[in-house]
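Trainee: Based on the provided sequences and hints, a complete structural model is requested.
Chains as they are written, first to last, in the working numbering: chain A, 3 to 343; chain B, 1048 to 1388.
Hints were generated in silico from the structure; no laboratory data involved. Glycine residues also receive a C-beta, built at the ideal position from the N, C-alpha and C atoms. There could be a bad hint or two in this list.
Stated by the list, open to error - Calculated lysine-lysine pairs in the DSSO-like style (CA-CA distance at most 27 angstroms, straight line):
#1 B:Lys1291 x B:Lys1213
#2 A:Lys332 x B:Lys1291
#3 A:Lys342 x A:Lys332
#4 B:Lys1377 x A:Lys220
#5 A:Lys128 x B:Lys1377
#6 B:Lys1146 x B:Lys1218
#7 B:Lys1205 x B:Lys1146
#8 B:Lys1146 x B:Lys1213
#9 A:Lys246 x A:Lys153
To be verified - For each label pair, taking beta carbons as the anchor points, the in silico distance ranges come out as:
#10 A:Phe200 x B:Ile1373: 36 to 44 angstroms
#11 B:Pro1091 x A:Ala313: 52 to 60 angstroms
#12 A:Leu299 x B:Leu1222: 52 to 60 angstroms
#13 B:Tyr1092 x A:Thr198: 56 to 64 angstroms
#14 B:Thr1254 x A:Phe200: 33 to 41 angstroms
#15 B:Ser1203 x A:Ile27: 37 to 45 angstroms
#16 B:Thr1254 x A:Lys342: 38 to 46 angstroms
#17 B:Leu1369 x A:Ala343: 56 to 64 angstroms
#18 B:Cys1155 x A:Ile317: 27 to 35 angstroms
#19 A:Tyr247 x B:Tyr1092: 40 to 48 angstroms
#20 B:His1241 x A:Arg331: 37 to 45 angstroms
#21 A:Thr41 x B:Met1100: 24 to 32 angstroms
#22 B:Pro1091 x A:Ile102: 56 to 64 angstroms
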Amino acid sequence: MKPNNARLSHLRSLFSNHSQEIVLIFLIVVVSMLVQMRTGGSFLSASNLNELMREASMLIIVSIGMTIVIISGGIDLSVGSVMGLAGMISVLVLRDHPEIPVVLIFAIGIGVGMICGVISGFVVAKLRIAPLIGTLGTCDIFRGVIYIFSKGEWVSQTDMTDQFLAISTGKFLGINYMVLFAIAVAIFGVIFMGHTRFGRQLYAIGSNAESARISGIKVETDKWIAYIISGMIAGLAGVLWVCKYACAQGTTATGFELNVIASVVLGGVSITGGAGSMYGVLLGSLLFGILNNILPLIQVSSFWQRAIRGAVILISVVINSLVLRRASRKALMRREEHEKA
Amino acid sequence: MKKPETALGSRDARAIAGKIFSRWETFLILIFLVVNIININLSPYYLNYNNLMDSMINFMDKGLMVYGIMMVLVLGEIDISIASIITLSACVAGWSCEKGVPFAACVCIALLVGALCGAFNGMLLVKFPELNSTIVTLGTQILFRGIAYMLLEDQSLKTYAKQLSKLAWGKILGLPVILFTFIVMTVIFGFIIHRTVSGRQLCASGTNRTASHFSGIHCDRIKMIVFTVNGLCAAFAGLFLAAKLASVRASIAQGYEMEVIAMAILGGAATTGGRGNVGGMILGVFTIGLIRYGAGLVNVASDTLKIIIGLLLIIVCAVPNLKQVISEAKEQFRGGRKLGI
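Mentor: Next comes the structure, spelled out in structure tokens:
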């Protein structure tokens, strides 16, 4: 009797601790099955899955950077502009010097993202401006800087080399390079936030900055570094974006930050910081990517997609808070029973 | 004998001067004057009465929303869905006008839709107090504009907007209608916020929600009303925007929320709540509006303007914090010296 009971309570705690992940996996499976039946098998075909993952990989990559910032108690509205800027500058370099190896182009993109992250982090952590407002400002600034570099021009496919464009189409071990990038960043995110001292410090800062400071955590520096990491990841995603769409323009990735924040929230990360898991974010951004992919497949008019996306965000946020409420009420009841006994 | 007295006197004078200079409005007036002086020197056409009045329609539609967003900020919340509320209310009104509903009813529909959207935001936040307003209004922002897209798809409607054109180009008492409306709104909101009990209750519940709850203030009701009024303001501004554009479509007013929030923050409202007054808002609206107008006169590209406004936002938010940052740095330095580091 007893071991069975223990196993049951273990299972119960697993459910209550990972409710968000379980709900997300359930949703992904159900949605995929429904769409698979509706489309007669074209959803789970290799070519569509490849396309879906290529599209979703950028969202996953940027979501991981955003999660690091949000868990530390901030928010980074500038990632869309950082992506645009990093993509534009790296491709401008490529256009003028086509002989540069592709690795260096990516390094340039990540470097640009890092500089942007340093600026955003300085504004938020050192100047103590509310993150929402500070990164709103840097978002405008970076977007303006794109036009200074590009002078309003586009960089089109003809200006890019074949080796560079191959990154978005080429495969290694049957997996697209972009997906490999996403996997690499995801592994980095899971290890960084879950298993390093620095990651755990960010959780502490997010849940209570003042007590973190008293416990000897360098709150400002850590926050700053969180923004720098987010910027570098956004820079990488910016180069991938330009690579995938084979075109860089001033409006690249405008408003992408809202998609990213939406998928982070879908993944169960608390927007006020301090709580949330990387696995949840991975599943959340995957679900968001799947939604983007299936709506055209099941012939939903493209004009409806935005409303559906908004409704999904609202419903998931509300369901999440209802689940949390129920869990905390149950915990309270259990504690009361425990005290009585 | 006399020495201490004079020392005391000068200290008093310094304290008073310090008080004046530490007030936000003083700094704001300085910025306002600097902007105007720069503009006058840049272009001889700046101080032309007719030009100035004609420029009002270009930025005053955002000014009409600033009091709504200010009340939201005073509560310590934020609303990034206002631009979508403008769009949705204008689109619904334009659509019903096309279907043969009389013009006056259409205007009422527009205002009603705005109020309903605001009330929807407010209801979500009151029913789920654990949710953050950023994330809720992010969801409704996508949802509202999505509904507008569902309704209008990619068409633009003219009948409704054309009947509004008097709002954009008409005059009352020699002033453009929109400026006259802004003045009327300023008087009304100034009276309500600074001179009535409910206005003071609003500020109190923004400063300390728990304390005001225990003092018998209905915080939830206030929140609901504030968000509804905010939606109404947005719909009202939507009338003028539709009049200015002479057509209605689902892509209007994109990015408006950021500029309105920038105006409110520049005007002295704080995202942490409890701070903000009508006088500051007037200066905030005119400072950003006149920067836009002056920059337009000397052909500054709109992208460079983005950088300027972003920088201004950051500088303005950083200044009140600077004193604290510097004093903390000094303390750290002193502490380090004491320890012999």
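Trainee: Confirm or reject each hint.
Mentor: Now the hints, each set against the structure:
no. : hint                                     : in the structure
1   : B:Lys1291 x B:Lys1213                    : holds, 9 angstroms
2   : A:Lys332 x B:Lys1291                     : violated, 56 angstroms
3   : A:Lys342 x A:Lys332                      : holds, 15 angstroms
4   : B:Lys1377 x A:Lys220                     : holds, 17 angstroms
5   : A:Lys128 x B:Lys1377                     : holds, 14 angstroms
6   : B:Lys1146 x B:Lys1218                    : violated, 30 angstroms
7   : B:Lys1205 x B:Lys1146                    : holds, 12 angstroms
8   : B:Lys1146 x B:Lys1213                    : holds, 22 angstroms
9   : A:Lys246 x A:Lys153                      : holds, 23 angstroms
10  : A:Phe200 x B:Ile1373: 36 to 44 angstroms : violated, 28 angstroms
11  : B:Pro1091 x A:Ala313: 52 to 60 angstroms : holds, 53 angstroms
12  : A:Leu299 x B:Leu1222: 52 to 60 angstroms : holds, 55 angstroms
13  : B:Tyr1092 x A:Thr198: 56 to 64 angstroms : holds, 59 angstroms
14  : B:Thr1254 x A:Phe200: 33 to 41 angstroms : holds, 36 angstroms
15  : B:Ser1203 x A:Ile27: 37 to 45 angstroms  : holds, 43 angstroms
16  : B:Thr1254 x A:Lys342: 38 to 46 angstroms : holds, 41 angstroms
17  : B:Leu1369 x A:Ala343: 56 to 64 angstroms : holds, 57 angstroms
18  : B:Cys1155 x A:Ile317: 27 to 35 angstroms : holds, 31 angstroms
19  : A:Tyr247 x B:Tyr1092: 40 to 48 angstroms : holds, 42 angstroms
20  : B:His1241 x A:Arg331: 37 to 45 angstroms : holds, 42 angstroms
21  : A:Thr41 x B:Met1100: 24 to 32 angstroms  : violated, 58 angstroms
22  : B:Pro1091 x A:Ile102: 56 to 64 angstroms : violated, 49 angstroms
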